[in-house]
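K.L.:
Residue numbers (the numbering used here), protein chains in the order written: chain A, 1 to 618; chain B, 1 to 441.
For the record, the hints were derived by calculation from the structure and aren't laboratory data.
Predicted model only: the values in this text are computed from it and were never measured.
Check each hint, because a few of them may be wrong.
Stated by the list, open to error - Ranges of calculated distance between the beta carbons of each label pair, as one might list FRET restraints:
id: 1; chain 1: A; residue 1: V46; chain 2: B; residue 2: T311; range: 37 to 47 angstroms
id: 2; chain 1: A; residue 1: A135; chain 2: B; residue 2: N339; range: 31 to 41 angstroms
id: 3; chain 1: B; residue 1: G244; chain 2: A; residue 2: P249; range: 28 to 38 angstroms
id: 4; chain 1: B; residue 1: L307; chain 2: A; residue 2: E40; range: 36 to 46 angstroms
Stated by the list, open to error - Lysine to any residue pairs mimicking SDA-like chemistry, simulated, CA-CA at most 25 angstroms apart:
id: 5; chain 1: B; residue 1: K271; chain 2: A; residue 2: S83
id: 6; chain 1: B; residue 1: K271; chain 2: A; residue 2: A75
id: 7; chain 1: A; residue 1: K221; chain 2: B; residue 2: A226
id: 8; chain 1: B; residue 1: K271; chain 2: A; residue 2: D464
id: 9; chain 1: B; residue 1: K186; chain 2: A; residue 2: P145
id: 10; chain 1: B; residue 1: K271; chain 2: A; residue 2: G112
id: 11; chain 1: B; residue 1: K271; chain 2: A; residue 2: P145
id: 12; chain 1: B; residue 1: K271; chain 2: B; residue 2: A226
id: 13; chain 1: A; residue 1: K221; chain 2: B; residue 2: A344
id: 14; chain 1: B; residue 1: K271; chain 2: A; residue 2: P88
id: 15; chain 1: A; residue 1: K539; chain 2: A; residue 2: A591
id: 16; chain 1: B; residue 1: K271; chain 2: A; residue 2: P127
id: 17; chain 1: B; residue 1: K271; chain 2: A; residue 2: E92
id: 18; chain 1: B; residue 1: K271; chain 2: A; residue 2: P110
id: 19; chain 1: B; residue 1: K271; chain 2: A; residue 2: A591
id: 20; chain 1: B; residue 1: K271; chain 2: A; residue 2: G125
id: 21; chain 1: B; residue 1: K299; chain 2: A; residue 2: P127
id: 22; chain 1: A; residue 1: K544; chain 2: A; residue 2: P418
id: 23; chain 1: B; residue 1: K299; chain 2: A; residue 2: P88
C-beta atoms are modelled at their ideal positions from N, C-alpha and C, and glycine is treated no differently.
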Amino acid sequence: MSLRQKLLLMLSLTVAAAVAAVAWTVLVRIRLVFEQRDREETALFVSQFQREFQQRSTDVAASVNRIAASERVRAMAFELVQSGDASPYLTEAQTLAQDAQLDFLEVVGPDGNVVSSAQWPARFGYPEPAAAATASTFLKQENLPDGSTALGIFAVRPIRGAEPAVNLVGGKRLDQGFLADLPVATGMQVSLYSDTGSTAPLDATQPVATPLIGSAPFDPKRLVSATGDVAGAARYQPLIDTARQSGQPASAILYLTARREDSVSATAIPLKSDNGAVLAVLIVSISRAGMVDAQQHIRAIAYGVAAGGILLAILCSLWIAAQVSRPIEQLARAAEEVASGNWETRVQARGRDEVGVLGRSFNHMTSELVSQRERLVQTERVAAWRELARRLAHELKNPLFPLQLTVENLVRSRELSPDEFNEVFRESTRTLGMEIANLKTIIGRFSDFSKMPRPQLERIDAKDAIERVRALYETAGTLAGQATSSDRHPAKIHFEIQLAAEPMPLDADPELLHRALSNLVLNAMDAMPDGGTLTIAAKTHRDKVEIRVADTGAGMTPEECERLFTPYYTTKEHGTGLGLAIVQSVIADHAGTISVESGAGSGATFVIALPLASETKS
Amino acid sequence: MPIAARTHPHYGGTLRVEIQGDAWSLNAARNSSLVRGLIFNGLTRIGADGSVQPALAVRWTSENNDHRWQFWLRPGVHFSDGTALTSSAVESSLTGSCGAACPWTAVHAVGSSVVFTTDSPMPNLPALLAGDDFLIVRAGSINSASGSVLGPFIGTGAFQSDGLSNAILTLVANDSCWEGRPFLDKIEIEGHKLIHDQWLDLSVGRADLVEVPAEELRHARQQHLAVVQSPPVELLALAVADAGTLANPNLRAAIALAVDRSALSNVIFQKQGEITASLLPSALTGYSFLFPAERDVNKARELRGGLTPPTLTLRAEGSATMQLAAQRIALNLREAGFNVQVAANGSRQHADLILPHETLSSSDPRAALESLLRAVGVATPAIDQTPAGLYKAEHDFLETHTLIPLLYLPRAYAIGARVRDLHLSADGVPLLAAASLEDAP
């Protein structure tokens, strides 16, 4: 990953994290605020409902009270008590209930039995336990002739003036109509769950079915609202069951569908009878659609801001990264140029910051490198010329001295007899010829090096070149043919060849390559005067063929390794110093490289790397 | 309560009658007796004293131990359309109205008489022929399957139909009626009127004759209505199916023991009913007390045993009071462990229990018993003429518990101030043919 990409990533992540943190905080806060608002609204409505319920209860009690106080009813009660004949009043409750707009009304005689019932006229004579209720108003499930039950708010009032007491038990239904009358704010829904219709099996001693209170399994059809069935009624079950079982209000957030917008904040209020049994549960549901919409809206804004922020961050970081990384990239490219040999590379150095200082330092460094290289090249050139001159002087001196002695000997032999002079003359001319040949050889080598031929490339296999060299030098086995060696003792040198199995094709001049390898082999043999192992190895490595020529001789010091390829540099007592230079020149002409690995006492390994032939490159 | 009659009743005027039921449905239903008796006559009729009297037949004889009866027709009788009454017409009418449950084996015209032959003795045939089922109707105008009258209502009665308009059936006097022209010119019968509306109309003079259900008698008297009331002639009973769930006779017996007749009589029917566990009232037989009417819920539970029958359906037709009675009976049965649902008024669903009410059609106990049994679809057994035989026949039938007598109720009407000489027949039907109006011209 480049510096610019790293900068871009870090800046983007930083901004994104900051924006996400802010957005999350805002969302959490919004949710808390909305939930708080929901709770407050629910509590407000619950208290409102309780007031409304209380008001309805009061209304019921007032209605029953009015009936009980009416002259007609008092006269009825009086007659009833006096005559004991309840039959004339069979339909009285219906008439009274209709007039008072009550859903339920029963006249209960002093014996606690029904005299007249509006909701179940046939129930006269049966006991009505509710007449003994002590609460001012209470909830009750009323049995109906069709076997169902209805929930209602009831009040019991004695009819004044009647002793023993004749009571009125009156009430109004707690049903959809009741719910419809309740004031409901927008987004709120009030529903009622009751066990009406659920009855216990018939009891032989109680002809009126006992409603199952709180123990019947949940039935979603029993949850009704002012408008009818409640959508998603089954989802209310856990809340309703909790309220039924605990007898305490319970609240929960319910998800009526898979959409969050359809969730509601629901409060279940258990409605209890006079004896504390839960007869019904009132559910106040407040739609969370508004809150969810607001949350989603804010979330969308947050995401939009975050995305915009990230985009802005990317753009800014692109610019910043460009500003920051460009000079560094320039420096990096320049450094690569310098590493590849282009020491003339310069960078723009602007500003006074560290990057500017770095750029100026780089430019100064490359300038110094260039000048030092030039000086070094000149120095090496001077050194090479000196070395060449010394070697030339040394090489030429050797054959010249015998030439000089021979000429002097001839001049002196003029004084001898003709036979002696002839003998000396023949000996001297023979010596003159040999030394002149030697001089010609020496000069020929120098001339060869000065005009190395350009390679004539052919498709060859490296294995063939190595085999040719091995065949040439292995069978010899001695150093007798070495022209540069004068008093060497022949020693056994073991050749070890390690060639890779796959072909190693090269585009090379076979003669020049043979010459280079021969020089390396001869040098290796010269390095092992007491014998050793000469290893020639070859293998392919990426797009190159790597040829190694290793010996087990004395090795070279690092300083010797550095100057090894300099022309006319030699560690041998006798030698032109051109062998490795020729090798380097040949390898360079074949677009290859040569290096040496050596340490004092650990032999030397020359490593030639030549490019694989064109079609076989991977 | 008989009305004091003037010395000279006046002819003319229109009597306005209001009833709860259909005025124009002339099948043998309760309210249609009123109209059928005005338009049609039978071979015989029941007099005010309950005895069988001649009507279209002037005399009759029985032979072969009441296996053969011959009725001689009254001469000179015509239908209201002028067609002469012949024995063939009588044969045709009786054959058409008899249907599947025909009490005689054959009927055929013989000269100016009609001869009935039966496989079993029919000592009460004359009383039977006085019933609404066997009124003589002109051929072609009776639905033989249902007994309902189709087409124009052609009979030999004191009135003839003048059509139905705005739910009011108008009957006009038959000037050539064999009984003599009635005093009234016209009778208008409006059906489907609630009791409260009928009384209101009576009080403001828009109606002359209205109904007073038994349970409203006390109320009517409190309102000082002029009420004419019959003896208890209407039997309220509980018909119990003897198939399906209730095929078990113990269950039917349990039902019979579970019903609280006292509550029905004292409260629902406002002490206007006569509690009974027998088919015939005590006034006719004197042995009604031999059939226990007390409720015994414990015994009922015992008879039910461990059986928990499925929900039974109880159907009651008629007024809200009948529905109330059904509700009460359902409550009573629940105490005994039966789950009973009362069908809605007008429902036609199958019912295990039905609350019918049948009218006592004769003062003759045997004839009355035969008529009642035939009305509930029971084949009439041979009834011994002795009280013991009658008791046995009644007892044997009641032991099946397929019909549980509950109450006998009177029939009553309230009449307007201008109505004169209105009496009720033995079965509680107003005898309008003999009535007149005070202010008739």
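K.L.:
Take the hints in turn and mark each one as holding or not.
P.N.:
Comparing the hints with the structure gives:
1. Look at V46 of chain A against T311 of chain B: about 41 angstroms separates their beta carbons, and that is inside 37 to 47 angstroms.
2. A hinted range of 31 to 41 angstroms holds for the C-beta pair A135 of chain A and N339 of chain B, which are about 33 angstroms apart.
3. In this structure the hint that G244 of chain B and P249 of chain A lie 28 to 38 angstroms apart at CB is violated, the actual value being about 50 angstroms.
4. Hint check: L307 of chain B to E40 of chain A, Cβ distance near 60 angstroms, so the stated range 36 to 46 angstroms is violated.
5. With a CA separation close to 14 angstroms, the supplied pair K271 of chain B and S83 of chain A stays within the 25 angstroms bound.
6. Proposed proximity of K271 of chain B and A75 of chain A is supported: the alpha carbons are some 21 angstroms apart, at most 25 angstroms.
7. Note on K221 of chain A and A226 of chain B: the hinted pairing is violated, with a Cα-Cα distance of about 54 angstroms set against a maximum of 25 angstroms.
8. Our distance criterion of 25 angstroms between C-alpha atoms is broken by K271 of chain B and D464 of chain A, whose separation comes to about 142 angstroms.
9. Of the pairs offered as hints, the one joining K186 of chain B and P145 of chain A is violated, with about 45 angstroms between alpha carbons and a cut-off of 25 angstroms exceeded.
10. Among the hinted pairs, K271 of chain B with G112 of chain A is consistent with the structure: their alpha-carbon atoms are about 22 angstroms apart, no more than 25 angstroms.
11. Taking the CA atoms of K271 of chain B and P145 of chain A, the gap is about 24 angstroms. The hint holds against a cut of 25 angstroms.
12. Between the alpha carbons of K271 of chain B and A226 of chain B the distance comes to roughly 19 angstroms, so the proposed pair stays at or under 25 angstroms and holds.
13. Among the hinted pairs, K221 of chain A with A344 of chain B is consistent with the structure: their alpha-carbon atoms are about 24 angstroms apart, no more than 25 angstroms.
14. Proximity of K271 of chain B to P88 of chain A is assessed by CA-CA distance (about 10 angstroms); at most 25 angstroms being required, the pair is judged to hold.
15. Restraint check for K539 of chain A and A591 of chain A: the C-alpha separation of about 17 angstroms stays at or below 25 angstroms, so the hint holds.
16. Between K271 of chain B and P127 of chain A, the direct Cα distance comes to roughly 22 angstroms. Compliance with the 25 angstroms bound is thereby established for this hinted pair.
17. Between K271 of chain B and E92 of chain A, the direct Cα distance comes to roughly 17 angstroms. Compliance with the 25 angstroms bound is thereby established for this hinted pair.
18. Between K271 of chain B and P110 of chain A the CA atoms are separated by roughly 22 angstroms; this keeps the pair inside 25 angstroms, and the hint holds.
19. Of the supplied pair hints, the one linking K271 of chain B and A591 of chain A is violated, its CA atoms being roughly 138 angstroms apart against a limit of 25 angstroms.
20. With a CA separation close to 15 angstroms, the supplied pair K271 of chain B and G125 of chain A stays within the 25 angstroms bound.
21. Distance check on the hinted pair: K299 of chain B and P127 of chain A sit about 22 angstroms apart at the alpha-carbon level, within 25 angstroms; holds.
22. A C-alpha spacing of about 70 angstroms is found between K544 of chain A and P418 of chain A, which places the hinted pair above 25 angstroms, so the restraint is violated.
23. With a C-alpha separation of about 31 angstroms, the suggested pair K299 of chain B and P88 of chain A falls outside the 25 angstroms cut-off, and the hint is violated.
Consistency note: the structure conflicts with the earlier hints numbered 3, 4, 7, 8, 9, 19, 22, 23.
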